[in-house]
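Peer 1: For reference, the chains in residue letters:
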Amino acid sequence: MLTAATPSTKTNWGKRLLIAIPYAWLLVLFLAPFALVAGISLSTVRLGMPPFEPLTARDGSILNLRLNFENFLYVLTDDTYLLAYLTSLKVAAISTAAMLFIAYPLAYGIASCSPSSRSLLVFLVIVPFWSSMLIRVYSWMSILRNDGLLNALLLKVGLISEPLRILNTETAIYIGIIYTYLPFMVLPIYSTLSSADRTLIEAARDLGCSRISAFWRVTFPLSLPGVLAGCALVFIPVVGEFVIPDLLGGADTQMIGRAIWLEFFNNRDWPMAAAVTIVLLALLVVPIVYFQSRQSRERT
Amino acid sequence: MQSYISIENLAKSYGVVTAVNNISLGIEKGEFFSLLGPSGCGKSTLLRMIAGFETPTSGAIKLEGADVTDVPAHKRPTNMMFQSYALFPHLTVGKNIAFGLQQDGLAKSEIRKRIDEVAEKLQLTALLDRKPAQLSGGQRQRVALARALVKRPKVLLLDEPLGALDKNLRTETQLELVRLQRELGLTFIIVTHDQHEAMTVSTRIAIMKQGQVLQVGSPSEVYETPQSRYVAKFLGETNVFAGSRADRSGSELQIDSDEAGGRLHAAFTDRVALDAPFWVSVRPERVELATSGSGLEGTVEQLTYTGVERHYRVRLKSGATLDARRVNLGAESDLGVGDRVFASWSPQASRLLAE
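Top to bottom, those sequences are chains A and B.
The first sequence begins at 1 in the numbering used here and counts up one residue at a time.
The second sequence begins at 1001 in the numbering used here and counts up one residue at a time.
No wet-lab data here; the hints were simulated from the structure.
For glycine and all other residues, C-beta sits at the position ideal for the given N, C-alpha and C.
Please note that a few of the clues may not be correct.
[Stated by the list, open to error] Below, a sample of chain A positions facing chain B; criterion: calculated Cβ distance under 10 Å: (1) A57; (2) T199; (3) E202; (4) R205; (5) C209; (6) S213; (7) A214; (8) R217; (9) D269; (10) L281; (11) L284; (12) I288.
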C-alpha cells in the first residue's frame, strides 16, 4: 500500500523544505528587522540606551500604545529630505541610463564572440568582485584626488595646466556608481543576448532588414527582459547608496543614504532615521512594481 | 538557354572542410526542386548560399540571368522558411506576417489586404492575434510559410520545413505544399533528408553526397534509373549484386554474378562500362518469388507483415540476401519461413550501376 505513495510524498516534503529555507531566511533577516525599523520610526527620541522610547507603556493594568507620527510629518514636509530624495532618484536615474548605454554594447560585443572567448570576457566583467567594494572605492579616491593619478596623467600629457577638481563632486559620485554597478547591468543583458536564437536575425534579414533594422526590430525587443532586470538591479540599490556618495561626493550632493546615516550616527535620532528609511522603501516600491510587471508582461 | 536560377561551379569551404564542391545546377521557373541527401552533404549550405546567408568561396548564382552572388540576403528576391520556423516570439502572428511587408514600406491598407489574403489561404485568420508560443507545431509551420509567401518572392526556399511535424501531419502538409506551389506558380527549392518527402513534392530532385550532386532528375527518373550504387541505395530499398562478367546477346545482357550465385538478365545499355566494376540492382517490389521454376535459389529467412505489403528476406545459395515484396491483396501468403524459393525478375527490372 505504502510503496506507491511514498516517492511522491517524499519529493513533496523535499520541495516544501527547499522553499521553506529561503523563506525562513527572508523572514528572520529581512522582515523581522523591517518590523523593528518600522516600530522605531513610530517612537520618540530620548537620551539613553536604546535612544528611543518604547512603544508600549504599562499604566497599572492598562497597556498603552504610543505611536508618534511626528517623524513622518517632518520627513514629508521638510525641504532637506525632499531634496535628498530627489537627488537620490536623479543620481540613480542618470547613472542607470549611463550604465545602459555602456553595458548594452559591451554585452552585445561579448555575446557575439566565440563561446571560448565569451567565458573569458564574462570572467573579466566579474573580476572586480574579487576585491572588496570599499577598497575599490578608496582606489577611486586616490585616482581622482587633485594630486591623484588621473590629474598627474592629464598634467603630464599637457591636456590641462592645473589639476581638475573631480573628487568630492557629483561627477565623482557618477564615476564611482557606474564603475561599481556596471557588472549588474552587463550580466543580465549579456545573458538574454547570448541565449537569443540567431536564426531570428537571419529570418529578419531574409524578410528585408538591414543589419541595423534587424537589431532594432528583433534583437533589441527580445533583450528587453535583460535590460529591465539590469535596470532594476542597478536603480534600486543606487537610490539608497551610501558608501560611494559619502567617500567620493561632496557636501553639496546630499543623497538619502547619507541623510539616514547622519540622522542615525550624528544626531542619534533613531526614530527620525527609521522614518526616513521607511519613506525611502515606500518610494522604491513604485519602480519595483513597475519593473516586475514589465518583466512578467515581457515573458508572456 | 539560361535557366531561371543557375548555379555555376559553386563551392564553399570552411577552412579545410569543403561543404559544397563545385556544383552546377539549373532550376526552371515554377519548379518544385529538391536537394536531397544525408546530413552533412552540403544541401543546407547550398540553400543558404542561394538565400544569401553564406558567401560562396567561388562560383556564381544567377537569378533570371542576373548575378546575385554578392547581393546581401535582405536585397534578394528570395525568402526562406526555416527549419525551426524562426517566428519572432515577441510579435503576434499578424505582426510576424506583416514584418517583411513593413520593411518594404508598403501602405498599411495594402499590408492588411495581403495578410488577410495569405491568412485565408493558410487557415490562419483566427490566429492572427496569438503569439507564436500559443500555437501548435502545425500552426507555426503555416505561419512561417505565410510570412515568407506574403512577400511574393521569386523563389521560396524551404529548409527541412516539415521536420518537426509528426508523420500524419507531414504527409498532409506535403500535399498542401504542392497544391500551394501549383496555385501560386512560384519556384520552390526544398532541402530534405527524407526521400519520401522529396519524391512526393518534387518536380525534380538533386541527390547530393559529400558536397556534390550525384544525379538530377524527376522522381521517377532517379528512382527507376539510378546511375550509381549510392543513388540506388539512397532512394528506396534495393538489392545490389556485383557483376562478374557480362555477355551481350542482341538487346539483352547475360550477367554472371558470383555474389548472387547465378545468371542475371538485363536490358543492354551503353551507359555503364562493363570492363570496370559494375553492379546489378533490382527493386524488391520487382522480384517474383516462386516455389518452383528457374532463377536464383534460396530459402525464406524472414517474413514481415506491414499491412500494405509482405516483406520477404531470402538467403540465397551464394550466401547473399535478397529482399522481395508482395502487395497484400487479401490472400494468405503461400510462402513461409524456411520454404525453398526461386527468385526471378524481368530483364527490364534490372539496372546496371557504376560505383
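Peer 1: Are the hints correct? Go through all of them and say.
Peer 2: Hint by hint, here is what the structure shows:
no., hint, in the structure
1, A57, "violated (59 Å)"
2, T199, "holds (4 Å)"
3, E202, "holds (6 Å)"
4, R205, "holds (5 Å)"
5, C209, "holds (6 Å)"
6, S213, "holds (7 Å)"
7, A214, "holds (8 Å)"
8, R217, "holds (7 Å)"
9, D269, "violated (50 Å)"
10, L281, "violated (33 Å)"
11, L284, "violated (28 Å)"
12, I288, "violated (24 Å)"
The structure does not agree with the numbered hints 1, 9, 10, 11, 12 stated previously, though it agrees with the rest.
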